[in-house]
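Enquirer: Chains A and B are the protein sequences, given in the same order. Residues in the first sequence are numbered consecutively from 1, following full-length UniProt numbering. Residues in the second sequence are numbered consecutively from 1, following full-length UniProt numbering.
No lab work stands behind these hints: they were computed from the structure. We put the beta carbon where it would ideally sit given N, CA and C, even for glycine. You may find that some hints are simply not true.
To be verified - Computed far set for chain B versus chain A, every beta-carbon distance over 12 Å:
hint : residue
1    : PRO58
2    : ILE85
3    : GLY152
Said to hold, decoys possible - Within a straight-line C-alpha distance of at most 20 Å, the following computed DMTMM-like cross-link-like pairs (lysine to aspartate or glutamate) qualify:
hint : chain 1 : residue 1 : chain 2 : residue 2
4    : A       : LYS131    : B       : GLU45
5    : A       : LYS193    : B       : ASP10
6    : B       : LYS71     : B       : GLU225
7    : A       : LYS131    : B       : GLU48
8    : A       : LYS131    : B       : GLU225
9    : A       : LYS49     : B       : GLU45
10   : B       : LYS82     : B       : ASP224
11   : A       : LYS198    : B       : GLU45
12   : B       : LYS71     : B       : GLU240
13   : B       : LYS65     : B       : GLU45
14   : A       : LYS102    : B       : ASP10
15   : A       : LYS102    : A       : ASP195
16   : A       : LYS49     : A       : ASP64
17   : A       : LYS205    : A       : GLU190
18   : A       : LYS193    : A       : GLU183
19   : A       : LYS44     : B       : GLU137
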Amino acid sequence: MNNHWMRRQRLLGYVFVGPSMIGVLLFFLIPAIYSFALMFTNYKFMNPKAGFVGFDNIARLLRDPLFYLSLKNTVIFLLAVPVSIALGFVVAVILNRRLYLKRLLRGLYFMPYITSGVAVAFVWMLLFHPKQGPINGFLRSVGIAHPPGWLSTTTSSMYAIDIIWVWFLLGYNMIIYLAALQEVSPELLEAAKIDGAKGWQTLRKIIWPLVSPTTFLLLVTGLIMTIKTFGIIQAITQGGPGNSTTILSLYVYQNAFRYYDMGYAATISWALFAIILVITLLQWLGQKKWVHY
Amino acid sequence: MEIHRRLSRDVPKRLAATIVMLALAIVMVIPFLWMISTSLKTPAEVFEYPIRWFPAHPTWAHHLKVWTGPKSFGTYYLNSLKISIIGMVGATFLSAFAAYGFARIAFKGRNALFLIYLSMMMVPPQVLFVPKFILFEWAGIYNTHLALILPGLFTIFGVFMLRQFFLTIPHEISESAFIDGAGHFRIFFRLVLPLAKPALATLAIIDFSWQWNDYENALVFLIDERLYTVPLGLQNFILENTVDYNGMMAAASAGILPMIAVFAIGQRYIIQGLTNSAVKG
Chain A
1 MNNHWMRRQR
11 LLGYVFVGPS
21 MIGVLLFFLI
31 PAIYSFALMF
41 TNYKFMNPKA
51 GFVGFDNIAR
61 LLRDPLFYLS
71 LKNTVIFLLA
81 VPVSIALGFV
91 VAVILNRRLY
101 LKRLLRGLYF
111 MPYITSGVAV
121 AFVWMLLFHP
131 KQGPINGFLR
141 SVGIAHPPGW
151 LSTTTSSMYA
161 IDIIWVWFLL
171 GYNMIIYLAA
181 LQEVSPELLE
191 AAKIDGAKGW
201 QTLRKIIWPL
211 VSPTTFLLLV
221 TGLIMTIKTF
231 GIIQAITQGG
241 PGNSTTILSL
251 YVYQNAFRYY
261 DMGYAATISW
271 ALFAIILVIT
281 LLQWLGQKKW
291 VHY
Chain B
1 MEIHRRLSRD
11 VPKRLAATIV
21 MLALAIVMVI
31 PFLWMISTSL
41 KTPAEVFEYP
51 IRWFPAHPTW
61 AHHLKVWTGP
71 KSFGTYYLNS
81 LKISIIGMVG
91 ATFLSAFAAY
101 GFARIAFKGR
111 NALFLIYLSM
121 MMVPPQVLFV
131 PKFILFEWAG
141 IYNTHLALIL
151 PGLFTIFGVF
161 MLRQFFLTIP
171 HEISESAFID
181 GAGHFRIFFR
191 LVLPLAKPAL
201 ATLAIIDFSW
211 QWNDYENALV
221 FLIDERLYTV
231 PLGLQNFILE
241 NTVDYNGMMA
251 AASAGILPMI
261 AVFAIGQRYI
271 IQGLTNSAVK
281 G
């Protein structure tokens with residue numbers, strides 16, 4: 001093995017990474033830079049008169065009531081993440097005990113996650129049908145005379161979306177918690193039992209802190225993934241009724257491809273990026289502070 | 001004796017917990033059951049309450065409607081399969097290639113390049129939609145399958161996942177291969193790829209499910225109905241048949257059942273892959 005050969009072998013690194021790097025350049029990096037530049041233009045599709053407008057778009061964003069509404073809706077949407085994490089944890093703890101049909105149960109809870117997409121959203125649209133849907137049929141049969149209008153009213157629509165999203169995310173959180181629970185040493189739990197700790201004390205004082213890195217990770221990845229999503233909402237409500245389900249990511253899509261107001265759409269999309277950046281920075285800072293190993 | 005008694009005392013508790021969890025699991029899959037049941041019903045039965053899970057007069061008419069005629073799901077399936085399979089094979093292979101470079105070769109600038117990958121993970125797809133639309137228009141691939149296939153060949157998640165896996169392969173393996181005169185190409189194809197088969201299968205399945213379910217990109221980049229993928233075809237069906245609830249559920253079944261099949265076959269790989277990339281990554 002001479003040095004020359006080794007050096008040539010090291011240069012092969014570029015050959016291995018190259019093809020993927022071209023893709024990242026063409027479909028991620030260049031578009032990202034382009035999008036950043038668009039933020040300072042009034043570019044509209046098929047409009048040749050586009051030009052540099054400085055910070056106009058940003059000023060417009062800060063005065064746009066729909067931006068604040070979509071921000072609020074986004075926050076309500078994000079509430080689904082901690083709820084699904086909590087439920088996923090409970091299911092994982094129970095499934096981690098000695099049960100029958102473990103594999104089948106795990107598969108059933110996980111199924112919504114893998115079949116994600118608009119198809120399932122359309123099923124929920126009918127389940128939530130305010131007058132005749134089976135959910136309200138059930139609620140009426142247990143004595144609730146005026147069940148919520150779910151997707152059909154401005155006050156309940158975002159929460160109906162949350163229910164779909166909790167249902168969708170729960171299985172993923174459960175799977176990750178199940179893996180984390182495998183790492184909790186049985187000796188530790190045995191020792192706690194000998195010391196007279198009750199079931200829920202063990203859960204709160206030992207298991208919950210031990211899986212806190214997982215909780216933290218699920219929270220961060222869940223928030224980021226959720227904030228990028230708009231497909232199911234576009235499919236079943238298109239942001240309605242009356243913008244009540246227009247979340248930030250959907251607002252970008254609407255401005256870009258409904259109104260072809262692309263400079264402004266780019267501006268909103270960078271606000272979205274800013275939120276993701278803040279979540280990521282909090283992750284870096286918080287990892288040491290909030291996670292108990 | 002003692003253990004035996006403890007176990008038998010355990011059985012009723014185990015059984016009770018299993019039944020409770022099974023009941024909740026069934027609640028989780030009710031949307032799927034309702035979908036299939038509704039797709040086989042007559043229109044009058046759709047919103048009957050209490051729900052009639054087994055239709056009185058089961059009919060395949062709605063499924064036939066979805067699968068025949070000028071807007072048959074057959075076209076959408078072929079489009080989706082073409083895009084998903086090319087994307088899956090390409091993305092898996094290209095990710096493995098890049099992941100090997102990042103994990104096993106100490107080339108100059110590696111960390112800086114990897115940092116670019118890291119930062120691109122943070123950029124939401126919404127930032128990229130408009131410039132991609134403009135670029136694709138300009139390049140003449142807007143409203144063609146290439147607009148989905150080409151970007152689909154590249155997955156940053158895949159590079160991360162496989163890099164993570166390649167890092168766990170002991171370095172002694174490549175070192176002894178080096179001494180035998182093997183270069184990186186031979187090590188990659190003969191040693192690392194065979195070892196990575198389970199990880200490659202995992203990425204392939206996850207990537208396929210993403211591509212199959214991808215609605216957002218198809219929505220942005222396709223307008224021609226003949227080019228529609230299954231999610232867009234489904235949306236189209238629902239827009240054109242707003243009161244045909246049975247038909248809608250037959251169409252939704254057509255969209256979901258392939259994913260349930262993929263999941264049933266690849267459950268082990270999917271769960272393993274997601275767990276590894278989350279817990280160890």
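Enquirer: Each of the hints needs a verdict: does it hold here or not?
Expert: Against the structure, the hints come out as follows:
For B:PRO58, the shortest C-beta to C-beta distance to chain A comes to about 18 Å, beyond the 12 Å cut-off, and the non-interface label holds. Listed as outside the interface, B:ILE85 is consistent with that label: its C-beta sits roughly 17 Å from the nearest C-beta of chain A, beyond the 12 Å cut-off. For B:GLY152, the non-interface assignment is contradicted: its Cβ lies about 9 Å from the closest Cβ of chain A, within the 12 Å cut-off. Our distance criterion of 20 Å between C-alpha atoms is met by A:LYS131 and B:GLU45, whose separation comes to about 15 Å.
Between the alpha carbons of A:LYS193 and B:ASP10 the distance comes to roughly 17 Å, so the proposed pair stays at or under 20 Å and holds. A threshold of 20 Å between alpha carbons decides the hint, and for B:LYS71 with B:GLU225 the separation of about 9 Å falls inside it, so the pair holds. A C-alpha spacing of about 12 Å is found between A:LYS131 and B:GLU48, which places the hinted pair at or below 20 Å, so the restraint holds. With a C-alpha separation of about 33 Å, the suggested pair A:LYS131 and B:GLU225 falls outside the 20 Å cut-off, and the hint is violated.
Restraint check: the Cα-Cα separation between A:LYS49 and B:GLU45 comes to about 57 Å, which exceeds 20 Å; the hinted pair is violated. At roughly 16 Å between alpha-carbon atoms, B:LYS82 and B:ASP224 fall within 20 Å of each other, so this suggested pair holds. The hinted pair formed by A:LYS198 and B:GLU45 fails the criterion: a straight-line CA distance of about 50 Å is larger than 20 Å. Taking the CA atoms of B:LYS71 and B:GLU240, the gap is about 11 Å. The hint holds against a cut of 20 Å.
The hinted pair formed by B:LYS65 and B:GLU45 meets the criterion: a straight-line CA distance of about 18 Å does not exceed 20 Å. The hinted pair formed by A:LYS102 and B:ASP10 meets the criterion: a straight-line CA distance of about 16 Å does not exceed 20 Å. For the proposed pair A:LYS102 and A:ASP195, the alpha carbon gap of about 30 Å is over 20 Å, so the pair is violated. The straight-line distance between the Cα atoms of A:LYS49 and A:ASP64 is roughly 24 Å, outside the 20 Å bound, and the hint therefore fails.
For the suggested pair A:LYS205 and A:GLU190, the alpha carbons sit about 14 Å apart, so the restraint of at most 20 Å is met. Distance check on the hinted pair: A:LYS193 and A:GLU183 sit about 18 Å apart at the alpha-carbon level, within 20 Å; holds. Straight-line distance between C-alpha atoms of A:LYS44 and B:GLU137 comes to about 14 Å, which keeps the hinted pair within the 20 Å bound.
When the structure is compared with the earlier hints, violations turn up for hints 3, 8, 9, 11, 15 and 16 and for no others.
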